[in-house]
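Which chain is which? The protein sequence lines are A and X, in order.
Mind the numbering: the first sequence is residues 1 to 223 in the working numbering, read in order.
Mind the numbering: the second sequence is residues 1 to 223 in the working numbering, read in order.
Certain hints may be false.
[Said to hold, decoys possible] The calculated lysine to any residue pairs, modelled on SDA-like cross-linking and capped at a C-alpha distance of 25 Å, are:
1) A:LYS83 / X:ASN158
2) X:LYS161 / A:TYR33
3) A:LYS137 / X:GLY107
4) A:LYS28 / X:LYS200
5) A:LYS83 / X:LYS161
6) A:LYS163 / X:ARG29
7) A:LYS83 / X:ASP146
8) A:LYS83 / A:TYR33
9) A:LYS28 / X:LYS163
10) A:LYS83 / X:THR149
11) A:LYS28 / X:ILE205
12) A:LYS28 / X:PRO204
13) A:LYS28 / X:VAL135
14) A:LYS160 / X:LYS28
15) X:LYS160 / A:LYS163
16) A:LYS28 / X:LYS160
17) X:LYS200 / A:SER198
18) A:LYS137 / X:ASP50
19) A:LYS28 / X:GLY107
No wet-lab data here; the hints were simulated from the structure.
There are 2 protein chains.
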Amino acid sequence: MGDLHMEADAEAEAESVNGHSSSDDDRKRLDIYPLSCYYFGSKEAIVFKDETLYDRINRMKSKYAAYGLRTCVEAVILVELFKHPHLLLLQVRNSFFKLPGGRLRPGESDIDGLKRKLSRKLSATEDGYESEWEVGKCLGMWWRHDFETLMYPYLPPNAKKPKECTKLFLVRLPESRKFIVPKNMKLLAVPLRQVHESHKTYGPIISGVPQLLSKFSINIVDI
Amino acid sequence: MGDLHMEADAEAEAESVNGHSSSDDDRKRLDIYPLSCYYFGSKEAIVFKDETLYDRINRMKSKYAAYGLRTCVEAVILVELFKHPHLLLLQVRNSFFKLPGGRLRPGESDIDGLKRKLSRKLSATEDGYESEWEVGKCLGMWWRHDFETLMYPYLPPNAKKPKECTKLFLVRLPESRKFIVPKNMKLLAVPLRQVHESHKTYGPIISGVPQLLSKFSINIVDI
Numbered sequence: 001m002g003d004l005h006m007e008a009d010a011e012a013e014a015e016s017v018n019g020h021s022s023s024d025d026d027r028k029r030l031d032i033y034p035l036s037c038y039y040f041g042s043k044e045a046i047v048f049k050d051e052t053l054y055d056r057i058n059r060m061k062s063k064y065a066a067y068g069l070r071t072c073v074e075a076v077i078l079v080e081l082f083k084h085p086h087l088l089l090l091q092v093r094n095s096f097f098k099l100p101g102g103r104l105r106p107g108e109s110d111i112d113g114l115k116r117k118l119s120r121k122l123s124a125t126e127d128g129y130e131s132e133w134e135v136g137k138c139l140g141m142w143w144r145h146d147f148e149t150l151m152y153p154y155l156p157p158n159a160k161k162p163k164e165c166t167k168l169f170l171v172r173l174p175e176s177r178k179f180i181v182p183k184n185m186k187l188l189a190v191p192l193r194q195v196h197e198s199h200k201t202y203g204p205i206i207s208g209v210p211q212l213l214s215k216f217s218i219n220i221v222d223i
Numbered sequence: 001m002g003d004l005h006m007e008a009d010a011e012a013e014a015e016s017v018n019g020h021s022s023s024d025d026d027r028k029r030l031d032i033y034p035l036s037c038y039y040f041g042s043k044e045a046i047v048f049k050d051e052t053l054y055d056r057i058n059r060m061k062s063k064y065a066a067y068g069l070r071t072c073v074e075a076v077i078l079v080e081l082f083k084h085p086h087l088l089l090l091q092v093r094n095s096f097f098k099l100p101g102g103r104l105r106p107g108e109s110d111i112d113g114l115k116r117k118l119s120r121k122l123s124a125t126e127d128g129y130e131s132e133w134e135v136g137k138c139l140g141m142w143w144r145h146d147f148e149t150l151m152y153p154y155l156p157p158n159a160k161k162p163k164e165c166t167k168l169f170l171v172r173l174p175e176s177r178k179f180i181v182p183k184n185m186k187l188l189a190v191p192l193r194q195v196h197e198s199h200k201t202y203g204p205i206i207s208g209v210p211q212l213l214s215k216f217s218i219n220i221v222d223i
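Chain A on its own, in the form it takes in the complex (with noise of 0.2 Å):
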């Protein structure tokens, strides 16, 4: 085992819930494996522009006069543990906590650059990404209408000229993967619930993927 570290889940020993009968036919089914079913290795590390706040919001100005909207993209990754979903994160020089995915090139599908940047972060290689992974459907938009101002689920009526968009997707795992993480990150597998009642640790988009994801019928997959 790698650089999987698993956050702490005090009451984590009950029986499965799921399988609850419904008669919705928009209630959609999401399989999660358990986290045993999965390798974690590591890589060489990546390097991170070490820059001051000032800094980045220099960069993201330049940036913008000469590319237009930022757009992130971000994976939802769920994987079985103690009978609960668990999220992936990457969590950066011990510090703060991010969703793997990144920034898009200019003029890349946010297919094409979400599966990139997993490749990056979580995969062995990054040539033949392609088919490495399943990119679902968009769960939510985040936005930043200026760039010192935080990120909210909408436009407000004065936005214009937004900043900066991040996307989330759910990403259906396989039964079965190899996860390779460069060596100066951590990913870590976080329970639902306490991502959810953990605002200020992992700030408001990653707190909202419970509710995001809440729409669909999570099976756990026993192997």
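Following the hints, position chain X against chain A.
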């Protein structure tokens, strides 16, 4: 004009921000129409069960023993005002806020039950409600896993027999219609921004609605 009250919205003068191009096919469009397209009137009051929290929990317990899981269906309905989407909420007894909707009868489908409830709370007549409401996809589900617990957008692992489920559905409005509201309820149009930022006023289910809607591209139709 009858029972439509508008919550304050300080910065509501700017232009529409819709019509951003997107290469993402998953981005769905949601047409919304100006508040002025709708007529608001009132009708006879609805009788509420006036009960203590203790009575309410006891009633839930006996209903659960008789019928099992209690399912509530609620509608997410938007109108446009000051170029910003507004969510329709009912205010009961000048205190708490709720989405229009209510509890299903035993055996009733989600869609039929929601149409019945919407007609009861928002229409002149409760007959012929079948065709009057365009109920869309389920946006999310919240669970109460025991009688005295809060609701969560997931089932905890120890919740073998959840007691209540609240399902949120998108309801698309036509270009024009009448809303006829019981005299003892107020229908409010609340800016999405205010809904998102006022967790304490509206509670977790309502304040999470902007996130659930964030995958849609909201298109303000000029009439």
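A quick look at each hint next to the structure:
no.: 1; hint: A:LYS83 / X:ASN158; verdict: holds, 9 Å
no.: 2; hint: X:LYS161 / A:TYR33; verdict: holds, 22 Å
no.: 3; hint: A:LYS137 / X:GLY107; verdict: violated, 31 Å
no.: 4; hint: A:LYS28 / X:LYS200; verdict: violated, 30 Å
no.: 5; hint: A:LYS83 / X:LYS161; verdict: holds, 15 Å
no.: 6; hint: A:LYS163 / X:ARG29; verdict: holds, 21 Å
no.: 7; hint: A:LYS83 / X:ASP146; verdict: holds, 18 Å
no.: 8; hint: A:LYS83 / A:TYR33; verdict: holds, 10 Å
no.: 9; hint: A:LYS28 / X:LYS163; verdict: holds, 21 Å
no.: 10; hint: A:LYS83 / X:THR149; verdict: holds, 20 Å
no.: 11; hint: A:LYS28 / X:ILE205; verdict: holds, 20 Å
no.: 12; hint: A:LYS28 / X:PRO204; verdict: holds, 23 Å
no.: 13; hint: A:LYS28 / X:VAL135; verdict: holds, 17 Å
no.: 14; hint: A:LYS160 / X:LYS28; verdict: holds, 20 Å
no.: 15; hint: X:LYS160 / A:LYS163; verdict: violated, 45 Å
no.: 16; hint: A:LYS28 / X:LYS160; verdict: holds, 20 Å
no.: 17; hint: X:LYS200 / A:SER198; verdict: holds, 16 Å
no.: 18; hint: A:LYS137 / X:ASP50; verdict: violated, 44 Å
no.: 19; hint: A:LYS28 / X:GLY107; verdict: holds, 20 Å
The structure fails to meet hints 3, 4, 15, 18 from the earlier list, while all remaining hints are met.
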